[in-house]
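Using the hints provided, position chain B relative to the given structure of chain A.
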Amino acid sequence: MFDHETLIKLLGLSVVAAPVLLLSVLGISSLVGRPLSERAIGRWVKSSTAAALLASIAILAIMLALGTRHAPIEVGSWVVIPDYHFSVKFVFDRLSVPFVILSLALCGTIGAFATRYLHREGGFNRFFVFYALFAAGMTIASLAGTIETLFAGWELVGLSSALLVAFFHERAAPVRNGLRVWTVYRVSDAALLVAAVVLHHLTGEGDFDKLLGDAPWPAGYAMLSSQQALTVGLLLLLAAAGKSALVPFSGWLPRAMEGPTPSSAVFYGALSVHLGAFLLLRVSPILDLSVGLSIAVACVGLLTAAFAALAARVQTDIKCALSFASLVQVGLITTEIGLGLRYIALVHMIGHACLRTLQFLRAPTLLHDYRTMENAIGTRLPARGGIWAGMLPERLHVWLYRFALERGYLDAWLTDYLVLPLVRAVEWCDAMELRWIERLSGAGADERSRRATPQASLDDLL
Amino acid sequence: MTDLHFAWLEASILIPLAGALGVGRLRRPGEARAQAVVFSAASFLCTVGEWLDFDWLGAERADDCWHLLAKTLGREPLVIDGLITPMLPLLSLLFLLTIWATLPNQVQKFSFGLTLLQQALVLALFSCQEPWGIVALACLGTLPPYFELRSRGNPTRVYLAHMLLFVGLLVGGWSFVELQGPGTTAGTILLAAAVLVRTGIVPLHCWMRDLFEHVAFGTALVFVAPVAGAYLSVRLLLPVAPSWVLSGVALLALTTAVYAAAMATIQREARRLACCLFLSHSALVIVGLQTATTTSLTGALCVWMSVVLSMGGFGLTLRALEARCGRLSMIGFHGLYEHAPNLAMCFALTGLASIGFPGTFGFVGSELLVDGAVEAHPHIGVAVVLAAALNGIAVVRAYFQLFTGTRYTSSISLRILARERFAVLALAALILIGGLVPQPGVASRHHAAEELLRRRVQLSLDSAPAKGTISKARPQDSQSATSTLQRTVPNITNL
Numbered sequence: 000m001f002d003h004e005t006l007i008k009l010l011g012l013s014v015v016a017a018p019v020l021l022l023s024v025l026g027i028s029s030l031v032g033r034p035l036s037e038r039a040i041g042r043w044v045k046s047s048t049a050a051a052l053l054a055s056i057a058i059l060a061i062m063l064a065l066g067t068r069h070a071p072i073e074v075g076s077w078v079v080i081p082d083y084h085f086s087v088k089f090v091f092d093r094l095s096v097p098f099v100i101l102s103l104a105l106c107g108t109i110g111a112f113a114t115r116y117l118h119r120e121g122g123f124n125r126f127f128v129f130y131a132l133f134a135a136g137m138t139i140a141s142l143a144g145t146i147e148t149l150f151a152g153w154e155l156v157g158l159s160s161a162l163l164v165a166f167f168h169e170r171a172a173p174v175r176n177g178l179r180v181w182t183v184y185r186v187s188d189a190a191l192l193v194a195a196v197v198l199h200h201l202t203g204e205g206d207f208d209k210l211l212g213d214a215p216w217p218a219g220y221a222m223l224s225s226q227q228a229l230t231v232g233l234l235l236l237l238a239a240a241g242k243s244a245l246v247p248f249s250g251w252l253p254r255a256m257e258g259p260t261p262s263s264a265v266f267y268g269a270l271s272v273h274l275g276a277f278l279l280l281r282v283s284p285i286l287d288l289s290v291g292l293s294i295a296v297a298c299v300g301l302l303t304a305a306f307a308a309l310a311a312r313v314q315t316d317i318k319c320a321l322s323f324a325s326l327v328q329v330g331l332i333t334t335e336i337g338l339g340l341r342y343i344a345l346v347h348m349i350g351h352a353c354l355r356t357l358q359f360l361r362a363p364t365l366l367h368d369y370r371t372m373e374n375a376i377g378t379r380l381p382a383r384g385g386i387w388a389g390m391l392p393e394r395l396h397v398w399l400y401r402f403a404l405e406r407g408y409l410d411a412w413l414t415d416y417l418v419l420p421l422v423r424a425v426e427w428c429d430a431m432e433l434r435w436i437e438r439l440s441g442a443g444a445d446e447r448s449r450r451a452t453p454q455a456s457l458d459d460l461l
Numbered sequence: 000m001t002d003l004h005f006a007w008l009e010a011s012i013l014i015p016l017a018g019a020l021g022v023g024r025l026r027r028p029g030e031a032r033a034q035a036v037v038f039s040a041a042s043f044l045c046t047v048g049e050w051l052d053f054d055w056l057g058a059e060r061a062d063d064c065w066h067l068l069a070k071t072l073g074r075e076p077l078v079i080d081g082l083i084t085p086m087l088p089l090l091s092l093l094f095l096l097t098i099w100a101t102l103p104n105q106v107q108k109f110s111f112g113l114t115l116l117q118q119a120l121v122l123a124l125f126s127c128q129e130p131w132g133i134v135a136l137a138c139l140g141t142l143p144p145y146f147e148l149r150s151r152g153n154p155t156r157v158y159l160a161h162m163l164l165f166v167g168l169l170v171g172g173w174s175f176v177e178l179q180g181p182g183t184t185a186g187t188i189l190l191a192a193a194v195l196v197r198t199g200i201v202p203l204h205c206w207m208r209d210l211f212e213h214v215a216f217g218t219a220l221v222f223v224a225p226v227a228g229a230y231l232s233v234r235l236l237l238p239v240a241p242s243w244v245l246s247g248v249a250l251l252a253l254t255t256a257v258y259a260a261a262m263a264t265i266q267r268e269a270r271r272l273a274c275c276l277f278l279s280h281s282a283l284v285i286v287g288l289q290t291a292t293t294t295s296l297t298g299a300l301c302v303w304m305s306v307v308l309s310m311g312g313f314g315l316t317l318r319a320l321e322a323r324c325g326r327l328s329m330i331g332f333h334g335l336y337e338h339a340p341n342l343a344m345c346f347a348l349t350g351l352a353s354i355g356f357p358g359t360f361g362f363v364g365s366e367l368l369v370d371g372a373v374e375a376h377p378h379i380g381v382a383v384v385l386a387a388a389l390n391g392i393a394v395v396r397a398y399f400q401l402f403t404g405t406r407y408t409s410s411i412s413l414r415i416l417a418r419e420r421f422a423v424l425a426l427a428a429l430i431l432i433g434g435l436v437p438q439p440g441v442a443s444r445h446h447a448a449e450e451l452l453r454r455r456v457q458l459s460l461d462s463a464p465a466k467g468t469i470s471k472a473r474p475q476d477s478q479s480a481t482s483t484l485q486r487t488v489p490n491i492t493n494l
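Taken in sequence, the protein lines are chains A and B. Quick note on numbering: the first sequence equals residues 0 to 461 in numbering that gives the first Met the number 0. Quick note on numbering: the second sequence equals residues 0 to 494 in numbering that gives the first Met the number 0.
No lab work stands behind these hints, which were simulated from the structure alone. Beta carbons are placed, not taken as given, at the ideal position from N, Cα and C, and that holds for glycine. A few of these clues could be false.
[What the hints assert, rightly or not] Stretch-level coverage of chain A by chain B, calculated; a stretch enters the list once three of its residues show a Cβ under 8 Å from a Cβ in chain B:
no. : region
1   : 28–42
2   : 171–184
3   : 190–196
4   : 435–441
[Unchecked claim] Here are some chain B residues pointing at chain A (derived, C-beta under 8 Å):
no. : residue
5   : VAL157
6   : TYR336
7   : GLU374
8   : ALA388
9   : PRO437
Looking at chain A on its own, in the form it has when it is part of the complex (with noise of 0.2 Å):
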């Protein structure tokens, strides 16, 4: 008979397990050219995703029942050499458990969902591919027990979310969208690996464990000094503003939604703009130790409620709507975080992740709820006046207005005086290259004009 822990191991195992073979089985298929018929994939999400979510529960439950608050899984160590080791680590806590049952149960809802919202579409296979992707990198990213497994299923969760947003790609705006989403996220993953290189060099260990102390989560005392911790942590917070769209890159969040209503429910709505404050939360022992932190933490996520409030009161379709309600509430969050309310984070992160992919997924019947309503009661609904409007002076409203139009102009503000600089940068080397070796060359006129480049490139695409 087993004990306690083989049995959670065992159980830990199946929860990543699954959706890892989920991501198998679509991905060979699809790689060999044999894709599943739609009956054969909506089969393999629902058992995989339901095995998952069983075995969380029921993890959830013998920790409950055994009082355990901290139960970490040692897979192995992945890559060993004597300067080097990658060790594959799982960790079932107060923070990966509930967070891998809502990314579960979300992923749950969506798969059901969607393999009747995309019932005989071109991309059925492909969506559910990026979908398992999705699961999977969630999954991984939940459970992690060291950096490295958390940078990568923070990586699979990056591409999944930006190939579903440029899912309809016979459309140039989805994939540019979709660029866009994954330059940000790239920065996002930039920041994320140099924090998880430079806290393996300050601390000799990427183990949570060892990192931030071994007791349960959100206790814990991360052995860095305060400077050591505000770099750190600052890295870290940029990886989490890139992922779940806080100031300065919220650009990307209604740029999101070109993707499928399901995709753009669970990922954008629920659980991908939740994955940067889910870090923010499991690295919270070193926010603790840089008062400076902490306020950089609260003050970007108040900035961002504040900027997103004003932004979702002028969006004219529901999906950009309810894009800037979820930042404003991820802003929030945020912002409880950097002022040391853990718990109340999560909750607030739980209870917003499930009512907003509620509200995404009736939002392609929106309409037909607002007639039916209006039926029920008999007359129009009452147009609602913001309290502000008659308070503040007509040259301010106009300019919040503007400014809340063009989403507080960050996309501009971020293209203009970033991208655009270092393309033309770029493009000017290049046409100097192009010079010199037609130089050397000795290229003739017929050369030259076979050489010579169209005018298109990133920043078109941006």
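What follows is chain B alone, placed relative to chain A:
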């Protein structure tokens, strides 16, 4: 030195060499392709045999049995060790897949004879540990692309100028080292410059762009993908160069990695994009090699293998697309996904593997490279991460532009052929298996890295009393290498 059970090395080189002579005479391209596949496959099997034999022997270094070449030349030029053994089958596979996946509409323009000659020269170069042999083979290896440029009537000046510079620097550099001993400033600087030219380090990289522009994609691919500059660096430069020369090379390579990655994000033609990605990845390998800590060296050796595999696959996928649609511009969207979803997946997979995406062969290598770079200097680590981030943007941008958009209209089927499917699946399988089970590969690379550092420390110790000029390896070069050395040279600590 241990003898292998068969003359695997000589066979793997002589078979494609004989094939080059035979295939070069054939008039019908289809027949040439079929025969080239046979010769290349036979060579590939020999390299696999050599790998398995070496592994089974468990030796540090081994050479062929019967010593046919040694009897002719007076000494054994072909010797393999742990560093190079797994590389040979990988390189051979790259040549085989390039030849095999050549489509009927490409066979007229692709020279199978020169490709087989290139295969023989690359395998000979990588199997050779005699310095002058390496110098000679590296110089000879520059000839096949030149012949192709000439035969196509394309301008050769850019390529020729750079390769003549390379040959001059390499021969001059090693002559100085031979005359003045290891650590000589002039010799190592010349050698370093030769490595920089051959790898395409900025500002000596223009030849690579010109080559991609003017030869068949397959020819450019097999010339660039093996990263021969890295081999020269490992065998000729790393053992003898003072630390400050290595640091200089690392700095230039780092600049190139970021610069080429940035260039890749704005390219408007697929070939130029591939060229920039090759440049960036080759430069990253050189960064890791020149940083010369055990971790970074292990990472660089892993990334080197990953680059051969992933960028090779990436290049083959682009070549397959070119065979269908001609030169691919990176403006607008081509909408090729519906025609070739497998190619799209392979393109994404190989591209992501090249940037070290989780689950692929490059992931652990990239982690090690960044880790080692941060260990050497935090700014290097940040720059390596920046280069990887930019490469990632370039790869996904290319994927979107080639495969998304309104469906490409074609009067003929653009579906993937069986031979292409096999090629891409073979590469995808290697990338994924290497990514999911990285320990054997990483352990072997780590062993090779320690051996390289041990040789470097050994050489510095050997030459220091005699010359007094060579700067000693840095203390942080490798504790493990030093400990290995302590076992072989008991009084190292007193020295």
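Are any of the numbered hints broken by this structure? If so, which, sorted upward? Result: no hint breaks.
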